[in-house]
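J.: Chains as they are written, first to last, in full-length UniProt numbering: chain A, 1 to 126; chain B, 1 to 163.
Calculated directly from the structure, the hints in this document are not laboratory data.
Bear in mind the structure is a predicted one, so any value in this text is a computation, not a measurement.
Here a beta-carbon is modelled for each residue, glycine too, at the ideal position from N, C-alpha and C.
Any given hint might turn out to be false.
Derived coverage of chain B by chain A (criterion: at least 3 residues anywhere in the stretch with Cβ under 8 Å from a Cβ of chain A; other residues may be distant) [unchecked claim]:
1) 53 to 63
2) 131 to 140
3) 147 to 156
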Amino acid sequence: MPKVTCKDLLRLSCCPLRVTVTQAERSGFNAESQLSNNVSGTSTEEHEESDEQLTLFRVPNEILEQILSRLNLKENIRASAVCKQWLAASISVRVANKPPWLMFFPKVGDLVEFYDPSVRQALVEL
Amino acid sequence: MASTTETKQKKMLILKSADNDEFEIEESVGVQSETIKNLVEDGFTFVPLPNVYTKALIKIIDYLKKHANKTDSNDEEIKTFDKDFVNTTFDDLFELVSAANYLHISCLMNMLCQTIADRIKDKSPEAVRKIFHINCDYTPEEEAKIRKANAQAFEGQFDESLD
Chain A
1 MPKVTCKDLL RLSCCPLRVT VTQAERSGFN AESQLSNNVS GTSTEEHEES
51 DEQLTLFRVP NEILEQILSR LNLKENIRAS AVCKQWLAAS ISVRVANKPP
101 WLMFFPKVGD LVEFYDPSVR QALVEL
Chain B
1 MASTTETKQK KMLILKSADN DEFEIEESVG VQSETIKNLV EDGFTFVPLP
51 NVYTKALIKI IDYLKKHANK TDSNDEEIKT FDKDFVNTTF DDLFELVSAA
101 NYLHISCLMN MLCQTIADRI KDKSPEAVRK IFHINCDYTP EEEAKIRKAN
151 AQAFEGQFDE SLD
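Sequences and hints are given; from them, build the entire structure.
T.: Here it is as structure tokens:
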């Protein structure tokens with residue numbers, strides 16, 4: 001029977017370990033920059049503190065995202081009020097209701113214009 | 001899914017939990033976990049699981065055994081088993097979801113995430129913080145801002161219970 005150390009296992013196993021807090025914070029930073037002014041620092045001191053905080057997160061980010069992706073929009077928004085980790089995770093899985101396209105009747109010939117208000121772009125179809 | 005009715009000798013695996021307890025299971029049961037499957041394919045029969053504690057591992061082995069014997073006839077039985085399986089405390093669910101994630105058991109992961117989502121969806125942010133043992137890191141202004149921006153989502157009565 002081959003002997004395997006934990007280290008070997010970690011190397012062999014293809015499964016990603018918990019996301020680091022730095023990553024979590026970075027995504028928080030991207031998602032809501034105005035709220036993350038005080039978490040964007042990367043000094044070693046702060047990093048150590050973050051590592052400690054990691055163990056306090058009961059649910060790592062990747063799992064949290066999977067949980068939050070099963071909530072509807074209203075529930076998702078409510079979850080974002082829990083803490084900054086949840087805000088970042090809930091925004092990353094949020095699917096806002098997209099507004100419907102507007103259709104314009106042909107001005108000339110058979111060309112019909114569709115307008116997507118969310119990206120302010122017009123599409124023309126035959 | 002591998003059948004357990006194979007006549008040839010069953011290959012066994014030993015799983016070792018984070019608190020050093022060892023469990024012997026059939027390979028066909030274990031390979032429902034992608035993590036274990038990958039190790040088995042690499043020739044390992046001894047699988048240390050440094051991220052999975054005994055308590056969670058016992059439940060997960062139960063789950064794997066049950067689901068390895070899935071046939072058309074015991075569908076109802078498995079449904080009842082699953083229902084019982086997730087009928088536990090939040091702390092247990094968190095343990096299990098971390099373990100299932102580490103072990104890459106997608107059907108279990110789905111079930112656990114759905115259960116947690118269903119159980120928190122009507123709760124207030126305050127109740128969720130208590131359940132997840134989260135210290136709110138918002139300043140009162142930041143929290144007010146989020147609530148104000150989406151006031152609609154915060155209207156009405158919420159479930160404040162912690163179970």
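J.: So is the stretch 53 to 63 of chain B in contact with chain A by the C-beta rule, three or more residues under 8 Å, or is the coverage claim wrong?
T.: Since 0 is below three, the answer is violated.
J.: Examine the stretch 147 to 156 of chain B: at least three residues should have C-beta closer than 8 Å to a C-beta of chain A.
T.: Result for this restraint: holds, n = 5.
J.: Using a Cβ cutoff of 8 Å, are there at least 3 residues of the stretch 131 to 140 of chain B near chain A, or does the coverage claim fail?
T.: With 7 residues in contact (Cβ-Cβ under 8 Å with chain A), the coverage given for the stretch 131 to 140 of chain B holds.
Going down the numbered hints, you'll see the structure goes against just number 1.
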